[in-house]
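For the sequence shown, numbering that gives the first Met the number 0 gives the first residue as 0, with consecutive numbering after it.
Hints were generated in silico from the structure; no laboratory data involved. Do not rely on the hints blindly, as some may be mistaken.
Said to hold, decoys possible - Pairwise CB distance ranges, derived in the manner of DEER restraints:
1) I46 - Y2: 21 to 27 angstroms
2) I56 - G16: 39 to 45 angstroms
3) L24 - I56: 46 to 52 angstroms
4) G5 - A27: 50 to 56 angstroms
5) L31 - S64: 38 to 44 angstroms
6) I46 - S4: 23 to 29 angstroms
7) Q43 - D12: 32 to 38 angstroms
8) R65 - S45: 23 to 29 angstroms
9) L42 - F11: 25 to 31 angstroms
10) L39 - F11: 19 to 25 angstroms
As the list claims (entries may be wrong) - Below, simulated DSS-like cross-link-like pairs (lysine-lysine); rule was C-alpha separation at most 30 angstroms, straight line:
11) K22 - K41
12) K41 - K6
13) K22 - K6
14) K29 - K41
15) K6 - K29
For each residue, glycine too, the CB sits at the ideal point set by N, CA and C.
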Amino acid sequence: MQYLSGKAYPIFDADLGFEMGDKRLNDAGKVLRLLYIQDLRKLQTSINECIVATQTITANPKTDSRLGKVGR
Numbered sequence: 000m001q002y003l004s005g006k007a008y009p010i011f012d013a014d015l016g017f018e019m020g021d022k023r024l025n026d027a028g029k030v031l032r033l034l035y036i037q038d039l040r041k042l043q044t045s046i047n048e049c050i051v052a053t054q055t056i057t058a059n060p061k062t063d064s065r066l067g068k069v070g071r
């Protein structure tokens with residue numbers, strides 16, 4: 000697992016968006032939400048890598064000027 004460095008995120012100061020009635024449950028919900036967001040970010044990165052790989056295979060920047068006309 001790769002650990003990121005930088006400024007710490009104030010997880011327990013952030014708003015969960017709803018209250019569950021117990022501070023411990025709210026804190027657990029915040030942790031789970033951040034872990035879910037991290038998983039989504041990893042998935043998005045993998046999808047982007049697949050798109051780039053597909054584009055490198057299918058992209059053909061070569062042009063053949065004999066095949067087209069410009070103007071009338």
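Checklist entry - Okay, which hints does this one fail, numbers in order? => result Going through the list in order, the structure violates hints 4, 5, 7 and 8 and respects the others.
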